[in-house]
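Protein chains: 2
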Amino acid sequence: MDEVKKTGSAQAGGIEGVWTQNLAEIDTDGGPVLHMLRADGSLFRQFGEIYFSLVRPGAVKAWKYHRLQTQNFAVPHGLIEVILFDDREGSPSKGTLKSFLLGRPGNYRLLQIPPGVWYGFTCRSEDSALLANCADLPHSPGEDVRIPADSPKIPYSWKV
Amino acid sequence: MDEVKKTGSAQAGGIEGVWTQNLAEIDTDGGPVLHMLRADGSLFRQFGEIYFSLVRPGAVKAWKYHRLQTQNFAVPHGLIEVILFDDREGSPSKGTLKSFLLGRPGNYRLLQIPPGVWYGFTCRSEDSALLANCADLPHSPGEDVRIPADSPKIPYSWKV
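As you go down the protein sequences, you meet chains A and V in turn. So the first sequence is numbered by the numbering used here: it starts at 207 and just counts up by one. So the second sequence is numbered by the numbering used here: it starts at 207 and just counts up by one.
Incorrect hints may have been included.
When the alpha-carbon atoms are kept at most 25 Å apart in a straight line, the in silico DSS-like pairs for lysine-lysine are as follows [unchecked claim]: (1) K212/V with K270/A; (2) K270/A with K359/A; (3) K270/V with K211/A; (4) K212/A with K270/V; (5) K270/A with K211/V; (6) K300/V with K365/V.
No wet-lab data here; the hints were simulated from the structure.
Make the full structure from the sequences, and use the hints.
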């Protein structure tokens, strides 16, 4: 019998402008079909670029924010923990740190991150995990801001 | 030292309207960044939907064509062989069958399939492979046409 987990409605992510949405996993004979983002979906704005970031076990990719680009993350292979930190002046959630586990099994969902919010991520599966990002603008050099993973600017310690 | 394989130019795929393009793999410390499709890329038309199809070892997903939708395939995890068959009336490549190996390592590239061309695929890696499809229209029921993997209509035998 085919199992269908449907794409849910968007949920506020605890930081202003951050959204999550459970994504459909449609089990078929040869392997499941995994939804991510549709042009008619509630969290879709515009298409800029789709790319992938492979993350090896224990590896940390952090910290970064974008001046203009909105990120849409999903993890179709493995598990990735994404940490967000809101340091935006005037944001009602300024100072908030949040953790999101993304991937399969059990946590297949979309995470939308607006411009200005710091993010970093690490692999939480035994094998490498694959993060897909369907961003609303194509990558352009200098549009992102980076600081080291151990920067004291962000109150989080990566346990590697 | 970081290794960068750049996204190449579009190459004709041997069937009218089929294109391939080598995709950038940018090696970084925690794992490579893998390009797929940009809004300013030469093969981009419009965004409809991005979804994934996981294919278990030995599994076959075939055959299908779309009446309206153009497919953009890339395989960021594992290896998948895609078979195409052109049965379109009036196509200069009518009767042509082509095979494309997609995935990593060694074959990370985009495959663009226009409406009307039959396609099917199978996993060619030891572990499950993940096909990403960034189509130009969102999925709508009845827009695709399906026949069984062993249909005599297509001169190809899946060796499972």
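> Going through the earlier hints one by one, which of them does the structure break, listed in rising order?
Replying inline: none
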